[in-house]
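Protein chains in written order, with the numbering used here: chain A, 1324 to 1439; chain B, 58 to 165.
Please note: incorrect hints may appear among the correct ones.
Between beta-carbon pairs, the in silico distance windows are [said to hold, decoys possible]: (1) B:Thr162 / A:Glu1367: 17 to 27 Å; (2) B:Thr125 / A:Arg1387: 23 to 33 Å; (3) A:Asp1379 / B:Val141: 32 to 42 Å; (4) B:Asp95 / A:Leu1407: 42 to 52 Å; (5) A:Ser1339 / B:Ser134: 49 to 59 Å; (6) A:Gly1408 / B:Gln152: 36 to 46 Å; (7) A:Ser1339 / B:Ser114: 29 to 39 Å; (8) B:Gln152 / A:Ser1350: 16 to 26 Å.
Reference excerpt, derived from the structure (chain A facing chain B, CB under 8 Å, subset only) [said to hold, decoys possible]: (9) Trp1345; (10) Glu1426; (11) Thr1427; (12) Gly1433.
Simulated from the structure, these hints should not be mistaken for lab results. Quantities reported herein were computed from a predicted structural model and do not represent experimental measurements. Glycine included, each C-beta is placed from N, C-alpha and C at the ideal position.
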Amino acid sequence: EAEVAQSPRYKITEKSQAVAFWCDPISGHATLYWYRQILGQGPELLVQFQDESVVDDSQLPKDRFSAERLKGVDSTLKIQPAELGDSAMYLCASSLVAGGLQETQYFGPGTRLLVL
Amino acid sequence: GQQLNQSPQSMFIQEGEDVSMNCTSSSIFNTWLWYKQDPGEGPVLLIALYKAGELTSNGRLTAQFGITRKDSFLNISASIPSDVGIYFCAGTGNQFYFGTGTSLTVIP
């Protein structure tokens, strides 16, 4: 069964360091999403890609966060410098397309980040 | 912004009991989705609903897309300990929205 892959599963870093997370969506899924989930809350969208283009990054803290999906397949989310408040689960999801019946999102296992 | 109100916020039930949770919104949605999230894992899709009035089952789980397109419910019959987790509803309109989650605890 096709799955969304994420790595690493866990990351511990010190504040002011740079961290990067990787996501490989389900094959053929054009739309890729990065979410941040704070413990006890639902996921919050950070950025949405359609192929290699960003379609929504309104909630991405652009002073420290960046995301890319250069070839429209896998994606990287970077934080530089990391702050204590960035400690959270970072989830990647993908869907066939955005909008309509094919927008059902499938999630990866997440990367749990702890900033010390 | 759009919010999905999910209730109850948490449930503590005895193994074998049935569970019911629901999700409501202030505007209509095109699809309703139900996910389960185990601690430290990503949400796993349980049921997807694409049509108003649709009733869909997946094993012991049953979900319905409300006729008004503004609500959905999820039922779990004969709960077992592995049903423990957080259940999220999600809906798609012009964007994708998550509910606030229902934390389920099953007491053996």
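Status of each hint after checking the structure:
1. Distance hint for Thr162 of chain B and Glu1367 of chain A: a CB-CB separation of about 25 Å, consistent with the stated range 17 to 27 Å.
2. Against the hinted window of 23 to 33 Å, the Cβ-Cβ separation of Thr125 of chain B and Arg1387 of chain A comes to about 42 Å, which falls outside the hint.
3. Distance hint for Asp1379 of chain A and Val141 of chain B: a CB-CB separation of about 33 Å, consistent with the stated range 32 to 42 Å.
4. Hint check: Asp95 of chain B to Leu1407 of chain A, Cβ distance near 26 Å, so the stated range 42 to 52 Å is violated.
5. Restraint check, Ser1339 of chain A to Ser134 of chain B: a C-beta distance of roughly 51 Å satisfies the suggested window 49 to 59 Å.
6. Under the hint 36 to 46 Å, the C-beta atoms of Gly1408 of chain A and Gln152 of chain B, about 25 Å apart, miss the expected range.
7. Roughly 51 Å separates the CB atoms of Ser1339 of chain A and Ser114 of chain B, a value that falls outside the hinted 29 to 39 Å.
8. In this structure the supplied range 16 to 26 Å holds for Gln152 of chain B paired with Ser1350 of chain A, their Cβ-Cβ distance being about 25 Å.
9. Nearest Cβ of chain B to the Cβ of Trp1345 of chain A: about 14 Å, over the 8 Å cut. The hint is violated.
10. Because the beta carbon of Glu1426 of chain A sits about 5 Å from the nearest beta carbon in chain B, less than 8 Å, this interface hint is met.
11. Evaluation of the Thr1427 of chain A hint against chain B yields a held restraint, the C-beta minimum of about 5 Å falling below 8 Å.
12. For the restraint placing Gly1433 of chain A at the interface with chain B, the shortest Cβ-Cβ distance is roughly 5 Å, inside the 8 Å limit, so the hint holds.
In terms of the numbered hints stated before, the structure departs from hints 2, 4, 6, 7, 9, listed from lowest to highest.
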